[in-house]
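Student: Residues per chain, in single letters:
There are 2 protein chains.
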Amino acid sequence: MNDSPLLLSIAVLGGTGREGKGLAYRWAKVGYHVFIGSRSPDKAKAAAQELWKMLAGNALVEGLSNQEAAQKADIVVLTVPYAAHRETLESVKDLLKGKLLIDVTVPITPPKVTKVQMPPAGSAAQEAKQILGEGSEVAAAFQNISHEHLLQDQDVDCDVLVTGTSKDARNETLKLVSAAGLTGWDAGPIENSVILEGLTSVLININKQYGSTHAGIKITGVNKT
Amino acid sequence: MNDSPLLLSIAVLGGTGREGKGLAYRWAKVGYHVFIGSRSPDKAKAAAQELWKMLAGNALVEGLSNQEAAQKADIVVLTVPYAAHRETLESVKDLLKGKLLIDVTVPITPPKVTKVQMPPAGSAAQEAKQILGEGSEVAAAFQNISHEHLLQDQDVDCDVLVTGTSKDARNETLKLVSAAGLTGWDAGPIENSVILEGLTSVLININKQYGSTHAGIKITGVNKT
Numbered sequence: 001m002n003d004s005p006l007l008l009s010i011a012v013l014g015g016t017g018r019e020g021k022g023l024a025y026r027w028a029k030v031g032y033h034v035f036i037g038s039r040s041p042d043k044a045k046a047a048a049q050e051l052w053k054m055l056a057g058n059a060l061v062e063g064l065s066n067q068e069a070a071q072k073a074d075i076v077v078l079t080v081p082y083a084a085h086r087e088t089l090e091s092v093k094d095l096l097k098g099k100l101l102i103d104v105t106v107p108i109t110p111p112k113v114t115k116v117q118m119p120p121a122g123s124a125a126q127e128a129k130q131i132l133g134e135g136s137e138v139a140a141a142f143q144n145i146s147h148e149h150l151l152q153d154q155d156v157d158c159d160v161l162v163t164g165t166s167k168d169a170r171n172e173t174l175k176l177v178s179a180a181g182l183t184g185w186d187a188g189p190i191e192n193s194v195i196l197e198g199l200t201s202v203l204i205n206i207n208k209q210y211g212s213t214h215a216g217i218k219i220t221g222v223n224k225t
Numbered sequence: 001m002n003d004s005p006l007l008l009s010i011a012v013l014g015g016t017g018r019e020g021k022g023l024a025y026r027w028a029k030v031g032y033h034v035f036i037g038s039r040s041p042d043k044a045k046a047a048a049q050e051l052w053k054m055l056a057g058n059a060l061v062e063g064l065s066n067q068e069a070a071q072k073a074d075i076v077v078l079t080v081p082y083a084a085h086r087e088t089l090e091s092v093k094d095l096l097k098g099k100l101l102i103d104v105t106v107p108i109t110p111p112k113v114t115k116v117q118m119p120p121a122g123s124a125a126q127e128a129k130q131i132l133g134e135g136s137e138v139a140a141a142f143q144n145i146s147h148e149h150l151l152q153d154q155d156v157d158c159d160v161l162v163t164g165t166s167k168d169a170r171n172e173t174l175k176l177v178s179a180a181g182l183t184g185w186d187a188g189p190i191e192n193s194v195i196l197e198g199l200t201s202v203l204i205n206i207n208k209q210y211g212s213t214h215a216g217i218k219i220t221g222v223n224k225t
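Quick note, the sequences are listed as chains A and B, same order. Take 1 as the starting number for the first sequence in our numbering and just add one per residue. Take 1 as the starting number for the second sequence in our numbering and just add one per residue.
Don't read these hints as lab results, they were simulated from the structure. Take these hints with a grain of salt, some might be off.
A pair counts as met if it fits within one copy or between any two copies, since identical chains are not told apart.
Stated by the list, open to error - In silico DSS-like cross-links for lysine-lysine, where the CA-CA straight-line distance does not exceed 30 Å:
(1) K97 to K115
(2) K167 to K208
(3) K45 to K93
(4) K218 to K53
(5) K218 to K167
(6) K167 to K45
(7) K208 to K218
(8) K97 to K29
(9) K175 to K112
(10) K72 to K175
(11) K224 to K43
(12) K224 to K53
(13) K112 to K29
(14) K175 to K218
(15) K115 to K43
(16) K218 to K115
Sequences and hints are given; from them, build the entire structure.
Tutor: Next up, the structure:
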């Protein structure tokens, strides 16, 4: 991986969804080369075109199949619904060797979205690590951000907790969190992903109880230096 | 249970520890009758005496054995280290019928405190429910508060997420959160306790990574009415 944002490239698999498109927009805006991946390359191209227009043509953003996007990019971000999690990972598994996967997936299946229910692996991110096996690093991040905020150029009042299979994986992910204009925190090993993913159910619950739509979290009591 | 804070009584089992003593202090200060429970009644009496002096004698606070405290109180709060969780619950199990248990326990065992490790029941609070069986309600709360702040009369910059076996259990707990001068949130069913308890490991991890000692969380994006 390369330290220069101008040369790094990012694939956003499932990037036609609202969360993925919002992240792709933020990274393309600051100069990353972004590949939007989808099972439907046509939909991916349409989403890429939409972002390119939003950024007045000042962006490197392409729509591709999930496989092509995973192959071309330095870092791969997964933003599919949980129902498509395993299938999508299996379809790009061999293309992710030597790469970092950032898993944004929340393992909730409607209508049961207010109760934490983790897969046998412990979390979606740990499941991803099991599927990919040795040779790929996995990080988890961005589960708690409201997608509406990402496509708007406004401050997001929600921090991003980052876990990962190594300190390098977490640091690389934290760079992309900052690049997206968000505040990130190293939340420890991949086993802690259950907290990030499960917080989504807690926040949905709070939205239901208190009539809100954008409950988020902020870390307090720490001065970042 | 009684709605009048003047009549309600609270047992804090393991109340000679720093977290328990801090909570006992805050509740005694606003008029709750507080029973500090300990395996050692002498230590409980000493802790009660200490709080009574801090409150200049304007407090109803007594030191007792865990069993006596559990028997006398309307609501029972458990603040023991995880190593004493099961044993303490077994010792008061029959005394908690018809009562609410608020479990503050975090299932971490030093030195592995930065990695989430839940018991087979899913969380300490779910384990408590299994041990107590039918006839007792269980809530989980206060896992993420730094104990240093509780014994001082300063604002605590950390919210309290509350889960529980029923809406009533959560509401009763949320009243005690407010009474302690803290901001609480209904975080849903008892199955979500893993998030509250596991967040402690995430916050310890953040303290380690960023050189802080009091990392906490705040819920954002919600206007409480």
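Student: Hint by hint, note whether the structure agrees.
Tutor: Results for each hint:
1. K97 to K115: Result: close only across copies, 26 Å inter versus 34 Å intra.
2. K167 to K208: between (36 Å within a copy, 13 Å between copies)
3. K45 to K93: within (23 Å within a copy, 62 Å between copies)
4. K218 to K53: neither (32 Å within a copy, 36 Å between copies)
5. K218 to K167: both (22 Å within a copy, 26 Å between copies)
6. K167 to K45: neither (34 Å within a copy, 47 Å between copies)
7. K208 to K218: both (19 Å within a copy, 18 Å between copies)
8. K97 to K29: Only inside one copy: K97 and K29 sit 28 Å apart there, 59 Å across copies, limit 30 Å.
9. K175 to K112: Classified as between; 27 Å across copies, 33 Å inside a copy.
10. K72 to K175: The answer is within: 20 Å in one copy meets 30 Å, while 54 Å across copies does not.
11. K224 to K43: Classified as neither; 40 Å inside a copy, 40 Å across copies.
12. K224 to K53: neither (36 Å within a copy, 39 Å between copies)
13. K112 to K29: neither (35 Å within a copy, 41 Å between copies)
14. K175 to K218: For K175 and K218, the Cα distance is within 30 Å both inside one copy (18 Å) and across copies (23 Å).
15. K115 to K43: Classified as neither; 32 Å inside a copy, 40 Å across copies.
16. K218 to K115: both (21 Å within a copy, 20 Å between copies)
Taken one by one, the earlier hints fail for this structure at numbers 4, 6, 11, 12, 13, 15, listed in ascending order.
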